[in-house]
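Generate coordinates for the entire structure from the input sequences, incorporating the hints supplied.
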Amino acid sequence: MSTMDFSDAFRLVNLGVGALMAVGGIWHIFPNHYISDIIVGIYVLLFGLAVALLEFQIPPQISRYASFLFSFIGRGIFYIFCGSILLEHNTMDIIFGTVIGIIGVAYVVLEFIPSIEPPQNMREADGGWGAEQV
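With our numbering, letter number 35 in the sequence shown gets 40, and the count goes up by one each step, no holes.
Derived Cβ-Cβ restraints for the label pairs, each shown as a range:
{"no.": "1", "residue 1": "H38", "residue 2": "L92", "range": "14 to 20 Å"}
{"no.": "2", "residue 1": "L17", "residue 2": "V110", "range": "17 to 23 Å"}
{"no.": "3", "residue 1": "V114", "residue 2": "S68", "range": "20 to 26 Å"}
{"no.": "4", "residue 1": "T96", "residue 2": "S41", "range": "17 to 23 Å"}
{"no.": "5", "residue 1": "I40", "residue 2": "L17", "range": "33 to 39 Å"}
{"no.": "6", "residue 1": "T103", "residue 2": "I78", "range": "17 to 23 Å"}
{"no.": "7", "residue 1": "P65", "residue 2": "H38", "range": "36 to 42 Å"}
{"no.": "8", "residue 1": "I34", "residue 2": "F73", "range": "24 to 30 Å"}
{"no.": "9", "residue 1": "G21", "residue 2": "Y48", "range": "18 to 24 Å"}
FYI, nobody ran anything at the bench for these hints, they're computed from the structure.
Being a predicted model, the structure only gives us computed values, none of them experimental.
The C-beta atom is built at its ideal place from N, Cα and C for all residues, glycine as well.
Rendered as structure tokens:
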């Protein structure tokens with residue numbers, strides 16, 4: 006069975022999720038007056054910027070300390086987490102969180118489809134289990 010390479014499509018999806026996270030984080034900050042909502046918004050904004058940055062360059066600290074971002078299942082669970090913490094107060098938060106979460110579920114499913122290859126930027130940093138430098 007041959008493998009399919011959708012690297013460009015995954016790059017666009019990841020950039021889109023990064024943008025949704027950044028905008029969702031900003032949207033989460035401003036209409037709320039609770040410090041917890043501001044903190045969650047800042048985290049989601051930073052996570053979104055990090056996801057978008059990973060499509061252009063991979064800092065060595067990210068591949069070492071956040072290696073879960075370099076597999077479909079790890080990135081999918083991360084997207085589900087980020088989407089779920091946005092599911093709060095207003096309609097836009099719910100829309101942003103739901104879209105990000107659905108994409109996360111799709112990434113988790115992709116982990117179990119062997120004919121779909123991960124994008125190039127996910128393969129480069131993936132050394133497998135136990136590949137850490139000691």
